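*Asks:* Each chain, written out:
4 protein chains.
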Amino acid sequence: MGLTIGVDIGGTKIAAGVVDEHGTILETSTVPTPPTADGVIDAIADAVRDASAEHEVDAVGIGAPGYVDDKRATVLFTPNLTWRHEALKDKVEQRIDLPVVIENDANAAAWGEYKFGVGTGHEDVVCITIGTGLGGGVIIGGRLHRGRFGVAAEFGHIRMVPDGLLCGCGNQGCWEQYASGSALVRYARQRATATPENATILLGLGDGTPEGVEGKHISEAARLGCPVAVDSFRELARWAGAGLADLASLFDPGAFIVGGGVSDEGDLVLDPIRKSYRRWLVGSRWRPHAEVLAAQLGGKAGMVGVADLARQG
Amino acid sequence: MGLTIGVDIGGTKIAAGVVDEHGTILETSTVPTPPTADGVIDAIADAVRDASAEHEVDAVGIGAPGYVDDKRATVLFTPNLTWRHEALKDKVEQRIDLPVVIENDANAAAWGEYKFGVGTGHEDVVCITIGTGLGGGVIIGGRLHRGRFGVAAEFGHIRMVPDGLLCGCGNQGCWEQYASGSALVRYARQRATATPENATILLGLGDGTPEGVEGKHISEAARLGCPVAVDSFRELARWAGAGLADLASLFDPGAFIVGGGVSDEGDLVLDPIRKSYRRWLVGSRWRPHAEVLAAQLGGKAGMVGVADLARQG
Amino acid sequence: MGLTIGVDIGGTKIAAGVVDEHGTILETSTVPTPPTADGVIDAIADAVRDASAEHEVDAVGIGAPGYVDDKRATVLFTPNLTWRHEALKDKVEQRIDLPVVIENDANAAAWGEYKFGVGTGHEDVVCITIGTGLGGGVIIGGRLHRGRFGVAAEFGHIRMVPDGLLCGCGNQGCWEQYASGSALVRYARQRATATPENATILLGLGDGTPEGVEGKHISEAARLGCPVAVDSFRELARWAGAGLADLASLFDPGAFIVGGGVSDEGDLVLDPIRKSYRRWLVGSRWRPHAEVLAAQLGGKAGMVGVADLARQG
Amino acid sequence: MGLTIGVDIGGTKIAAGVVDEHGTILETSTVPTPPTADGVIDAIADAVRDASAEHEVDAVGIGAPGYVDDKRATVLFTPNLTWRHEALKDKVEQRIDLPVVIENDANAAAWGEYKFGVGTGHEDVVCITIGTGLGGGVIIGGRLHRGRFGVAAEFGHIRMVPDGLLCGCGNQGCWEQYASGSALVRYARQRATATPENATILLGLGDGTPEGVEGKHISEAARLGCPVAVDSFRELARWAGAGLADLASLFDPGAFIVGGGVSDEGDLVLDPIRKSYRRWLVGSRWRPHAEVLAAQLGGKAGMVGVADLARQG
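Chains as they are written, first to last, in my numbering: chain H, 159 to 471; chain F, 159 to 471; chain A, 159 to 471; chain R, 159 to 471.
Mixed in with the good hints, there may be bad ones.
The list treats identical chains as interchangeable, and a pair is accepted whether it falls inside one copy or across any two copies.
[Unchecked claim] Calculated lysine to any residue pairs in the SDA-like style (CA-CA distance at most 25 Å, straight line): (1) K433 - R381; (2) K433 - Q348; (3) K171 - Q454; (4) K171 - A195; (5) K229 - A201; (6) K433 - G366; (7) K171 - N356; (8) K433 - L363; (9) K171 - T236; (10) K433 - L324; (11) K171 - D204; (12) K433 - T351; (13) K433 - R396; (14) K229 - G300; (15) K229 - R445; (16) K171 - K249; (17) K229 - A217; (18) K229 - S442; (19) K249 - I167; (20) K374 - E281.
Calculated from the structure, these hints are not laboratory results. It should be emphasised that the depicted structure is a prediction, and the values quoted were computed from it without experimental measurement.
Can you make the complete structure from the sequences, with help from the hints?
*Replies:* Dropping the structure here:
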């Protein structure tokens, strides 16, 4: 099979890319994300048509935010959105004349990094994607671990704190509430409220109030050495690393890959994650350690990953 | 390959069984468990020789309590014992003239149930063994999931409670501290101390004091309807079920198998585990549910499992 | 001093009552609660004028939801509202020609129960008020314990769960998030979602959906034996009782009084609170136990309490 | 009344001091602590006789580790020892011809600091004593708050973590398990095990193993800048400060006093305690803050405190 298209459904835009068998993106087309499920489907079709106008394409892969069934056809539900048993594959195939594969977006990103990114050379990889929320993907023996019903590796919703924070999924204490971009903003706002004298840099980047602090401010303030910003990243890292230690007890991969927007900060956040991971790893002195690697492909991991999964059929 | 031997290392006795390819135990030999590592190795050799005296045997599998390396040769460490990098395979092979395979005991039990017990017919199974502690085993696509370094599925030591109970592994809040036979005894003693009027049956089965309550008393008292005993099983079940819900988010198996001594209680404990599992399963209404099954092979699961793994080489 | 007025500021209405020295309410006047702070002050003045039209009144006490300063004049802040350093005493005194005393509403209710309700005969009482939120009041040696800065006994915001639920106060894990009317509704909705077959009575009282469940439905369903409703009250009671055990370690009162809307359910909720309290009381077998009493005055406790505090000047 | 004797019962020695009305210790006598309750009583009598040989003494106060009844005569129980309903006052009075007052040792220390130490000038003080365990004392309106049954201010056993660490009192998650000298040692050992490269100074002060780390090593290593030692103090301080914030919500004192061996470290531990306290204080921006003061009297606080309480009769 030759070229395929990978589609990435983001909160603000939908991107379709023509990708070759080496994971190289030859062309990209983007459209704004419509507010309704039907609108999203039309927009996907538009983006695919646009991207494929000058390329011969054999299949389309779509990375979707949510639980995808074992036929890779239906989004069963999305913890933070309203999709319920959405037959995404059929609806898109009705609009474009190409075979479609649906995959969870974090699974797609994990596959992308495994096949074309930092995971190259490993056979057993666990990937966490720390964006607004927290997603995961697992490769075992060189194959994507989808689970019996298609919904494996939903790391964001394992319970880290009994009776903990409410989650969009309806449960409490989900990992996503403690190790995600949203959590990072909460950490920074709480700390800026309690100790504003340690947050002058951070507050100066926004509108001066804790409520005005956004993710981009925290990253910049951390690079400038703002104590509250640095400490907020460390808090996120504590929770991320503790979760990786659990994942080592469960999957025992050869390597962890940390992706998503947070990984863009590099060692600022990766080093404390590694430290926390080692702190909590059971029997740390007596076992081989999986490496904790920063993702390489940035925001393109999902697109090239799902395009490759579509290529495999 | 014909007959193989499965060895089960228990706290009080070591049992070696000659097992055929259908998982039938033809003969068993047991010896007391010696207090030292070297003594254990000698005892294993004795039990194997004794069991194989009248059978032609091709290989030996040993189920060991602890983390076993990826070569299935060395026990890296045991959270609750003192073994560290114990070269069990080599030492036993020096004493008996047969190829030896080492496997984590809970992995062995999971494989036994998958191959010859309640797991028959499933391809993707997650098994928890609730004995004194809590062990786990995972079968994915009909293969035992050992992980990159051999130490996957160590469920007992995932963190259920930040800053929680101290564990023999050195960490805090491990699942094993909340869903195990030891935890059950703690629940019953605490409740019998606080509300002795609800524990008269339970206290009457022991020496009359909360400290004198043992596991067997709790089982019997629960069957007799003792409120404290029933409530103690429910507390264990709450934690067990919540953990299964996490495992569904991680592995997404087709079925869960609950084994170990606690599963002998049947629906007394299985039903509340199922209820708690459903309570905490993310998106419970929108996804297929894995069944939660009681193990069938009882204390023999490990022996027949590891004998079969040895047969496969 | 003769008659005084007690004012109760509720979410939907403001009530002013003329109260005599025996705690008897001679007359009550109510007005709807306006949406703004200034509107509330005008409404208080209106209600006071109306109630006092036919009685000679010497002073006015106002029970306010929030932290009141040591001069009993200013509401420093309210965790769940927008009042910040609101000079309530001055503003009301400018509108009516009577001396005004401000008191935290839960302190007022505690004083009412101590002086005229179930607390009569005790000298050292700790009162918790479980309404939408959770408030507290402490009487030590027959005196209301206000603290050095006026803000003692703010029980709702002690931390019960590290990294727990977000609270309106900005912290996480506050007791109010686990033992309040709001928590009760959350418990019932979560359980009705997970196990709808155990919530048929409860769901039948509302609109049939978990989201449609309200507090009044839970009370009625519990009286009808609905498992989910009964279990929701038990969950609330577990947290309430565990907190009382802490309060015993801190204040060591002669009696606890449980008031607020939840106490209207009587032993349905009081008995499990007592059980949980005993479960967690340190050294339970070796110490005298404070009784856990249900409040007697219902929604009038605050009004008669703050009227009496105003009488004392 | 003139001179009185204060007795301090420590784990290794019992000290009796003759104290005047200014809190000055005129003479001290110490004896080793015997292993049995009766032996302790004899030893107390010996120490008192010895100390009073050359002074005319009017009364004896004894600071005891445990819950003391409202008559200040009987030790009801000790969470970490075996005393149960020990009639300490009577037994000591039978041996010496002086009136005896028993007081909880942390209450005694709180009174000492209030009357003669850093608490001078305050009327409402909450004191925590961080030694091997964690004790507390409360002064309200210039009087020691003993509670209805004599057992108030037992801070060490309020629950900080649901399902947390086991405590000697039988409960789980007690504050003492997270903010005490014992906790400090646990923090340091855990960290030294996980990241030995950050603990070289600390490990060098002991026998080189994490298990060999003791409290005195952590203090010295922290002063030398050892990251693991500093971080261990910070962890203790996080829990101590969070608890102080709860105590502010409960008692609202004018000042906190932090005593016990840990306070000897001064700002090394006090500053992070203050920071954590502010972090968790509800409505931090809108209320007056109680100061967090270091105790001044060191190990003498209990002796002079209980001598003064005996003087008051």
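*Asks:* When Cα atoms must be at most 25 Å apart, do K249 and I167 count as within-copy, between-copy, both, or neither?
*Replies:* So K249 and I167 pass the 25 Å test inside one copy only (15 Å; across, 55 Å).
*Asks:* Treating 25 Å as the Cα threshold, decide for K229 and G300: within, between, both or neither.
*Replies:* both (20 Å within a copy, 19 Å between copies)
*Asks:* Within, between, both or neither: how does the pair K433, R396 come out at a Cα-Cα threshold of 25 Å?
*Replies:* both (8 Å within a copy, 19 Å between copies)
*Asks:* At most 25 Å between CA atoms: does that hold for K433 and T351 within a copy, between copies, both, or neither?
*Replies:* between (27 Å within a copy, 13 Å between copies)
*Asks:* For K171 and Q454, with the copy left unspecified, which applies at a CA distance of at most 25 Å: within, between, both, or neither?
*Replies:* Within one copy only: 22 Å inside a chain, 52 Å across chains, cut-off 25 Å.
*Asks:* With identical chains treated as interchangeable, where does the CA-CA distance between K171 and N356 reach 25 Å or less: within a copy, between copies, both, or neither?
*Replies:* neither (36 Å within a copy, 43 Å between copies)
*Asks:* Can you give me the call for K171 and T236, within, between, both or neither, at a CA distance of at most 25 Å?
*Replies:* within (18 Å within a copy, 41 Å between copies)
*Asks:* When Cα atoms must be at most 25 Å apart, do K171 and K249 count as within-copy, between-copy, both, or neither?
*Replies:* within (19 Å within a copy, 53 Å between copies)
*Asks:* Go through the copies and call it for K433 and L324: within, between, both or neither, with a Cα cutoff of 25 Å.
*Replies:* between (27 Å within a copy, 21 Å between copies)
*Asks:* Between the shortest in-copy and the shortest cross-copy C-alpha distance, which are at most 25 Å for K229 and A217: within, between, both, or neither?
*Replies:* Only inside one copy: K229 and A217 sit 16 Å apart there, 41 Å across copies, limit 25 Å.
*Asks:* If the cut is 25 Å between Cα atoms, do K433 and Q348 qualify within a copy, between copies, both or neither?
*Replies:* both (24 Å within a copy, 13 Å between copies)
*Asks:* Under a CA distance limit of 25 Å, which applies to K433 and L363: within one copy, between copies, both, or neither?
*Replies:* Classified as between; 24 Å across copies, 29 Å inside a copy.
Against the hints set out earlier in the document, violations occur for numbers 7, 20.
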